[in-house]
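Asks: Assembly of the complex is requested from the two constituent chains, each provided in isolation within its own frame, with the hints serving as guidance.
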Amino acid sequence: MVTRRLAGFLLRSAVRRWPAELRDELSREWQGELHVLAERGERWRMLGFAASLAVSRPGAPVVDRARFDARARRTAATLLLAPPTCLAILVLAAVVSNGLVAQVGLVGGRTVPQALVVSALTAVLAVWFARRVGRGAARTALRGRLGPALGVVLPIALTAVAIEYALNETTDDLVRAVPGLVVWLTGLALVLWGVGTLAGWGRVWAAWCLGVLGALVAADVAVVLTVVNHIPAGPDTVIDGVAQGDTVDRISAPLWLFTCWTDWSFGLPRPTREELFLIGDLVELQPFLYLACTPYALAYVVGAARSAGPDGVPAAEPVASPA
Amino acid sequence: MGVATYVEFRYSAVMRMTIPVAKVLAALLADPEAPRYGLDLMKLTGLPSGTLYPVLHRLQTAGWLAAEWEEVDPVAAGRPARRYYRLTPEGVRAARPALAELRALAPDGRAPRGGIAPTGAPAW
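Chains as they are written, first to last, in this note's numbering: chain A, 1 to 323; chain B, 324 to 447.
With the rest of the complex left out, here is chain B (with noise of 0.2 Å):
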């Protein structure tokens, strides 16, 4: 298990930093005004649904992340609603030392196994 795998931090008591968490949270702080949905960040992350919705949930439990239904006519748009996330102030604040921290663990400054940064590939 990487070093960074399990790290508590102690910006939130509720919130255990995972390497799924961590990429996430990257994906999101990219561009925070950006609202993201799940298969986007899916494709973002390069994580699984069974990983992503998890974290999710976490993160919004935590009050990091929050999530409203896009507005649309799901006749004329020819698609559901899509749910769209996207970081609470809170989240931003805590995220960026989190993920500075978490860097600064790794061994010799890289990202720890399995890496936290935006893949851009897909993984289902």
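Isolated chain A, as found in the complex (with noise of 0.2 Å):
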């Protein structure tokens, strides 16, 4: 008895490594073999038959090997491209609100806030973009929930990376901005990984909450982290009785963040007009870097989730079946 149930295990074990359209098949066959052997009472030689179903290679492959091949190739093309695509986007904000600005000038006395300018068209162009991303993640080819998380984080560190090195002249910047990046990307994956897990299982409004709040903490919280690794909080130093505005106090560290996006303190008084200009040129990139990979992160892992669904497999992609 326990060895028919053995091997029963051992051939439901083997059929599961066959194409889905051949296990109900292969099954009956099977079962059929292992039938007549148990009938004989021949255990020994029934085991042997399901054990060696059970570790052999299959037939034929459990996925379309082309196709699969094909998706893998889409996958890795979109996570790859997509990084460098947001950063072409944040080019195309800077450049066009360059010319905005250049031909509005002044509003009601006042300069036209760049920063303003191009937080609002870099989000335009990135949510605009993950919605494309988004869709085609449904095909994506990463399994379960970290797959698509890491798969998303990692080629956005490299571009990160490589921006921040080609933009900055001397390794010592560089590694200035490496600790603000780490805490982002680190945050960005675990937020991705939670969004994932929610929209899994069919929670897609709680996975974009979860994403755009998580999202925005991580990047505040690595805003904050290079601030307060590189500008002091006071007091300011003073030269021949001159304050120099060197300093940043901490207690609007919350707001950095949305103060690098529009150069404004929301009427609060802090931070000053200096503490602003000392945060926005020392994290330069790096909070609109985040504004423009977000929403492809977000859209790419709730996409491909709510494809995968609960237990995180892609969806297999629909097959021509014969008339």
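Be a bit skeptical, because a hint or two may be false.
[What the hints assert, rightly or not] What follows is a list of derived Cβ distance ranges for each label pair:
#1 Ala400/B / Val204/A: 51 to 59 Å
#2 Arg339/B / Arg132/A: 25 to 33 Å
#3 Ser307/A / Glu393/B: 38 to 46 Å
#4 Arg132/A / Leu428/B: 51 to 59 Å
[As the list claims (entries may be wrong)] Some chain A residues near chain B, calculated using beta-carbon distances under 8 Å:
#5 Glu29
#6 Gln31
#7 Glu33
#8 His35
#9 Val36
#10 Ser52
#11 Leu53
#12 Val55
#13 Ser56
#14 Arg57
I should point out that these hints are in silico values taken from the structure, not numbers from a laboratory.
The structure presented is a predicted model; accordingly, all values stated were derived computationally and were not measured.
Glycine included, C-beta positions come from ideal geometry on N, C-alpha and C.
Replies: Below is the structure:
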């Protein structure tokens, strides 16, 4: 009885390794053979029959290799090209904002804040791009929850490091940016993992809420860390009786990401104009990079998780069936 | 690896001739009209189930082998219906020269290592 059950278990395991369309017939056929062996009382042969099938290579690939390869190539191309595209969006937004600000000049007697224009344009373009990529994510080759999250984050990390390396003149400048990037990327990966889990359960709205809030927190913490590491809290250095304005009060820390995007302190006393300048001058590109990449990252993971379902396995592509 | 272990035959672009494939073909060609089922073929070829069924699947995919379910009342027969395999006419036409070429490729005309003749010995 035990050997029959064990053989049955091995057969079920063997059947699962064959393509889905063959499983029913193979299972029926093998169960029939097993029955004959069991009736003869040939227990060891029965076990050998089932074990041999369970450990051998199936006669056909479980997935269509050509289709899987095409899917893997598409996934790799999307994940590798998306971060440079986000960067291109940021560059485009910067160029367009230059033109806009030069055209509009003053509004109500005040200069139009270019950071705000860059952020708005970047956000609009990034969301547009994210919608396009999110639809394609349903055909991702990445499995599970961590796969899509890491698949998205690692190319972003490469792009971010490459752009920081290109922009900074010295290695010291690059090292200055690294802690913030590490915190942002780690936080983003964790957020994407949570987003994928929620979206896989069908809780898409909750996934988006977690994603947006979590990504904002990760980006904000990254900016705060960079500023805290490199700008003292005070008091200001005084030279010849003149305060140098080289400090940033920590009280406004949670706002620093948003002040970078808007170049505005939201009517609050902190951060001051000098502090806004110091923060923006230090973090430079990073907040805008976060803004450009985050919509794509969230949309891709949500799209992948929705197609995969609760078990995290991507849906099969539709296959033409004979008439 | 024997000289004939991996031989790409001109007969079919989809069928790679290996020793297990040759054994199955030889067993089926011994009496092309006789339907064979899995345990029967395992006994004839000496192949374990984990080798035999993938070979059968490959032969079916290539169109060399046809399979059909036995029409039997399981209660009356005291066992489930068997799935019988038989070479298709195309399979018979392709398998004969393929096996002959395989034998010819073996040193001194001997059967390649492992043999392709039906063994009659069960292998599990």
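Asks: Please name the hints from earlier in the document that this structure breaks, with their numbers sorted from lowest to highest.
Replies: 2
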